[in-house]
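Protein chains in written order, with the numbering used here: chain E, 1 to 685; chain H, 1 to 331.
In case anyone wonders, no lab produced these hints; they're calculated from the structure.
Certain hints may be false.
Unchecked claim - Looking from chain H toward chain E, a few residues come up when the C-beta cut is under 8 Å (computed):
1. Glu50
2. Glu68
3. Arg71
4. Asp228
5. Arg231
6. Thr232
7. Ala233
8. Lys236
9. Gly237
10. Val238
11. Phe239
12. His247
13. Asn251
14. Pro326
15. Arg327
To be verified - Below, computed lysine-lysine pairings styled on DSS-like, alpha-carbon distance capped at 27 Å:
16. E/Lys488 x E/Lys288
17. H/Lys70 x E/Lys149
18. H/Lys241 x E/Lys106
Stated by the list, open to error - Pulled from the structure, derived: some chain H residues nowhere near chain E, Cβ distances all over 12 Å:
19. Ser61
20. Met67
21. Leu112
22. Ala175
23. Ala248
24. Ala308
25. Phe309
Quick caveat: nothing in here was measured; it's all calculated off a predicted structure.
Every residue gets a Cβ at the ideal spot worked out from N, C-alpha and C, and that includes glycine.
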Amino acid sequence: MTIVESRVGTQGQPRRDDGVGAVLLQVDDLHVQFETSRGAIRAVEGVNFSVDRGEVVAIVGESGSGKSVTALSIMRLLPRLTGRTQGRITFDGRNLLDLPDEEMRKLRGRDISMIFQEPMTSLNPILTIGLQIIEPLTIHLGMNEAQAKARAVELLQLVGIPDAAGRLDQYPHQFSGGMRQRVMIAIGLACNPKLVIADEPTTALDVTIQAQILELMKDLSRKLNIALIIITHNLGVVARYADRVIVMYAARVAEQGPAEAVFHRPRHPYTMGLLRSVPRLDRPRGTKLETIEGLVPNLAHATPGCRFAPRCPFRIDICATEPELQLTDTGGTARCHRHAEIAAGQIAWARSGSEVPNATVLSTQPLLSVRGLTKHFTVRTGFGAKKATVRAVENVNFDIYPGETVGLVGESGCGKTTVGRMILHLETPTDGEITFEGTDLVEASEAQLKAVRRKIQVIFQDPYSSLNPRMTVGQIIGEPLGVYKLAKSRSLADQRVEELLGQVGLRPEMTARYPHQLSGGQRQRVGIARALAMEPSFIVCDEAVSALDVSIQGQIINLLEDLQQRLGLSYLFIAHDLAVVRHISMRVIVMYFGRIMEVADRDALYREALHPYTKVLLDAAPIPDPTIEKSRAPRLIKGELPSHLAPPTGCVFNTRCPMASEECRVTIPVLEEKRPGHFAACIKI
Amino acid sequence: MRGRPSLRLEIKETMLRYTINRVLLMIPTLIGVAVLVFFFLRIVPGDIVEVKLRGDGGTVSQATIEMERKRLGLDRPLITQFGEWMVGMATLDLGKSMWTERPVMQEIAGRLELSLQVAIMATIIAVLIAIPLGTMAALYRDSWIDYLMRIITIGGLSIPSFWLGMLIMLGLLSAFNWLPPISYTPIYVDPVANLTQLIWPALAVGYRYCAVAARMIRSSLLEVLNEDYIRTARAKGVFEKLVITRHALRNALLPAITVIGLEFTFLIGGLVVTEQVFNLNGIGMLFVQSVSRNDFTLIQGMVMLIAAFYVFVNLAVDLLYAVFDPRIRYD
């Protein structure tokens with residue numbers, strides 16, 4: 001029933017038996033269950049979908065939605081001892097779940113290949129790149145060494161690796177993350193497969209590299225008529241590259257349909273909620289971020305009925321029974337009892353409505369002032385004693401005023417985290433000064449420092465590793481109270497911990513829990529409460545929301561904005577996600593390769609970026625709207641981040657800049673005020 | 001093909017430079033060992049001359065003792081004695097045994113051959129058994145194979161080698177009414193006689209050694225099998241056998257190499273009791289003798305020898321690491 005519907009729905013035209021348009025992969029009623037010490041976890045429940053030849057299908061969902069498990073069960077790569085798979089996965093007419101191991105092995109890498117999320121760990125560190133590409137060629141296609149080598153060179157050229165022949169003998173650690181992911185793609189494409197499954201292929205990469213990799217994959221898929229399943233949580237990526245979208249929630253398919261339909265006319269409340277919680281580059285900020293309240297359900301103790309019901313604002317009595325995937329008016333399917341009402345426009349998420357309180361700078365006297373901040377690291381480059389200097393941060397100047405949020409964006413290796421660490425006094429600057437409330441932190445004595453340090457706090461990126469696993473939430477938040485004697489007695493301290501928990505939206509009974517008992521969002525709230533315990537006036541948020549799911553990310557950003565309003569905090573918000581930075585910041589600093597490229601008010605920067613690097617960065621980030629994305633021509637930034645051991649002369653961006661001229665290679669541009677309050681370091685403006 | 005030969009050359013050159021650096025670094029290490037050994041030995045109460053002359057219970061006059069001390073050079077200031085020893089060592093002359101008066105080098109050389117052979121044989125036996133054993137245990141984790149392996153290895157760790165040696169001897173005696181030869185024949189003189197004598201102690205100590213290595217291989221292989229690159233290899237459709245041997249085992253052997261190296265150096269001087277059981281005239285036996293006789297020069301010489309072995313094996317382990325793991329070559 002549902003399967004037939006979904007097929008008709010996605011196709012809408014008679015099918016041919018082969019070539020473009022024919023079903024390549026058909027997943028029917030897939031169930032995957034894991035036995036764990038805490039009981040059985042149903043990671044995938046009754047998933048149905050199909051993929052046509054040459055089609056690009058995206059599976060989106062938050063962590064724990066079962067999207068990666070679905071992919072691995074197609075490859076039959078789930079752990080044997082703990083995972084149990086049921087259902088049918090028909091690929092090219094054969095049920096993969098019934099195939100003997102040896103037959104399945106022959107399919108893997110030959111007809112179906114997979115590209116994984118972590119390019120840094122997905123290649124074998126002790127084997128040459130060449131061998132790793134050649135392996136499937138010799139195994140599946142029976143090529144001899146010379147043929148396979150020739151094909152490997154061809155593949156590396158195809159995925160855009162320069163000097164391909166010379167690089168066959170190199171090892172993975174000699175490649176950058178983006179280059180390794182290209183190698184992974186080359187391996188994936190080696191035998192001309194019919195289907196490539198890419199599991200978060202670009203999540204670990206910078207935006208500019210992400211754009212290069214995804215354009216490449218899409219191109220190759222079109223050229224070679226390869227079907228592509230992209231698994232991602234990034235709705236922008238989905239909008240730009242997918243023909244069809246499958247939205248998963250808590251082990252089930254919530255909705256599926258053509259990309260345009262799912263994005264513009266979602267028929268499941270979860271999809272609707274997800275789409276509105278993404279901060280967007282193309283929409284003016286004005287209101288608070290929309291969020292989906294509540295948490296993703298625990299798959300070990302799943303309740304009957306619609307999985308989304310507990311978080312769904314449109315929940316009615318019938319939602320206590322499990323809805324089927326039903327055909328909707330858009331030609332897709334949705335697992336919602338009320339999809340017709342949604343289609344009729346009778347149901348829509350209410351705007352949270354609360355305008356972002358007009359955040360204002362509380363004083364004209366800067367709270368934090370950074371002048372000529374420089375950090376050089378000396379590194380050994382080999383066995384020899386020769387040392388090289390890495391200029392991680394070079395002559396950085398900026399001010400942050402009380403009550404202000406300044407965004408600091410840039411790709412990995414641009415020095416943004418080092419700047420944050422120097423402000424936190426975790427790293428000693430090579431040169432320059434950091435003045436906080438009139439005290440120079442670099443020159444300050446121990447006593448002065450201790451007084452100031454309490455006022456500067458940090459929220460880290462990874463809520464999993466930044467909390468001590470052997471301390472309870474109460475101990476984690478209460479510890480600074482003891483160290484700085486901020487509470488007079490034990491009972492006052494306990495009271496304060498509860499108050500702090502309340503401020504970050506956690507219930508008091510959380511004090512006795514350990515970090516592993518909390519969800520990612522809750523942990524990040526604990527991290528915020530710990531920072532607030534010190535009664536700071538300034539918080540460095542280092543990628544504070546980038547490890548969180550979209551719906552949770554919104555909650556944390558709103559919390560940070562609330563706290564700023566109530567407590568008069570200033571933030572330095574370090575992030576790589578331009579849309580998030582745009583949402584929260586009043587001013588934005590763009591860094592590249594250790595230097596500031598551009599500084600401007602948020603609106604000025606996003607409306608009219610001056611520096612070519614900022615333009616490139618904005619351009620590379622896909623917007624979650626398929627209509628806009630698909631009409632946009634790929635304007636790709638070429639090349640990769642230069643090596644810190646051989647920095648470019650002149651402007652550091654000249655090696656990748658579309659406007660670079662001879663002059664750029666000799667002149668180091670100064671950060672100048674090109675428009676009132678809008679600074680850029682470029683001689684071409 | 002551009003750039004390839006130069007890359008190879010670069011690797012060779014960096015490896016060579018690294019090796020030379022490491023060999024040079026051995027000199028201060030060994031000097032440190034020499035200082036410690038020399039002065040610690042002098043702190044230990046007891047005097048070789050008294051042991052030598054009065055050991056049998058006879059009465060010897062103080063004057064004779066003084067004369068003997070003078071003859072052996074023990075009356076001179078410590079620093080002079082130390083300096084002389086160091087100068088001697090620089091020319092690979094470790095002096096003479098204070099007891100037998102034969103050159104230390106000669107004393108050691110006769111025993112080293114035997115000890116080294118037992119150590120090498122034990123290593124070969126251990127590695128040959130440990131790799132398949134550890135691998136099987138990891139691949140069939142929590143199955144009867146794994147449990148059997150656990151029983152075998154816990155036995156290896158808890159049964160003392162000398163006791164196992166005694167069991168072997170008793171077993172040979174009761175089963176074949178035969179005991180291995182007692183006198184040592186070098187392998188180049190009569191390999192059969194040599195092996196029939198030395199294979200038993202090698203087995204006795206190799207068992208423990210094998211247990212240590214197998215457990216190490218099992219745990220590191222389990223860890224490696226969880227790595228992303230193993231999943232990549234499987235996703236490529238690589239034969240499962242190749243996934244294990246080429247992709248997993250090579251990575252898993254790295255930590256095992258360290259353990260194997262450490263155990264090997266232990267075997268050179270540490271087989272005291274096992275040598276007694278098999279009645280072998282090895283380094284261990286010589287060591288015990290020289291300590292009980294307070295034979296300073298011989299003790300010093302043997303400690304230096306074992307220290308040098310230790311440092312060399314460590315270097316060999318590090319170089320092996322570099323051969324196995326390309327990342328090491330550059331940083």
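Hint check results:
Against a cut-off of 8 Å between C-beta atoms, the interface hint on glutamate 50 of chain H is violated, since the closest Cβ of chain E lies about 52 Å away. For glutamate 68 of chain H, the interface hint is violated, since its Cβ never comes within 8 Å of a Cβ in chain E; the closest pair sits about 52 Å apart. Nearest Cβ of chain E to the Cβ of arginine 71 of chain H: about 50 Å, over the 8 Å cut. The hint is violated. A distance limit of 8 Å between C-beta atoms decides the matter here; for aspartate 228 of chain H the minimum to chain E is near 4 Å, and the interface restraint holds.
Among the interface hints, the one on arginine 231 of chain H holds; its C-beta lies about 6 Å from the nearest C-beta in chain E, closer than the 8 Å criterion. Annotation: threonine 232 of chain H was flagged as interfacial toward chain E, and the flag holds, the nearest CB pair being 5 Å apart, inside 8 Å. Below 8 Å, beta-carbon pairs count as interface contacts, and alanine 233 of chain H has one with chain E at about 7 Å; its hint therefore holds. Given the 8 Å rule on beta carbons, the hint for lysine 236 of chain H holds: about 4 Å separates it from the nearest Cβ of chain E.
Interface restraint check: glycine 237 of chain H against chain E, minimum CB-CB distance 3 Å, threshold 8 Å, status holds. Interface hint status for valine 238 of chain H: upheld, as the beta-carbon distance to the closest one in chain E is roughly 6 Å, under 8 Å. For phenylalanine 239 of chain H, the shortest C-beta to C-beta distance to chain E is roughly 7 Å, which falls under 8 Å, so the interface hint holds. Hint status for histidine 247 of chain H relative to chain E: holds, with the closest Cβ pair at about 5 Å, below 8 Å.
A hinted interface residue such as asparagine 251 of chain H counts as satisfied when its beta carbon comes closer than 8 Å to some beta carbon of chain E; here the least separation is about 6 Å, so the hint holds. A distance limit of 8 Å between C-beta atoms decides the matter here; for proline 326 of chain H the minimum to chain E is near 4 Å, and the interface restraint holds. Taking 8 Å as the C-beta cut-off, the interface hint given for arginine 327 of chain H holds, the closest approach to chain E being about 5 Å. With a C-alpha separation of about 37 Å, the suggested pairing of lysine 488 of chain E with lysine 288 of chain E is violated against the 27 Å cut-off.
For the hint linking lysine 70 of chain H to lysine 149 of chain E, the alpha-carbon distance of about 76 Å lies beyond 27 Å, and the restraint is violated. Between the alpha carbons of lysine 241 of chain H and lysine 106 of chain E the distance comes to roughly 14 Å, so the proposed pair stays at or under 27 Å and holds. Every C-beta of chain E lies more than 12 Å from that of serine 61 of chain H, the closest at about 62 Å, which supports listing it as non-interface. The non-interface label for methionine 67 of chain H is consistent with chain E: the shortest C-beta to C-beta separation is roughly 55 Å, beyond 12 Å.
Here leucine 112 of chain H stays apart from chain E, with its beta-carbon at least about 32 Å from theirs, past the 12 Å limit. For alanine 175 of chain H, the non-interface assignment is confirmed: its Cβ lies about 42 Å from the closest Cβ of chain E, beyond the 12 Å cut-off. For alanine 248 of chain H, the shortest C-beta to C-beta distance to chain E comes to about 9 Å, within the 12 Å cut-off, and the non-interface label is violated. Distance to chain E confirms alanine 308 of chain H as a non-interface residue, since its nearest Cβ pair spans about 23 Å, more than 12 Å.
With a least beta-carbon separation of about 24 Å from chain E, phenylalanine 309 of chain H lies farther than 12 Å from that chain, consistent with its non-interface assignment.
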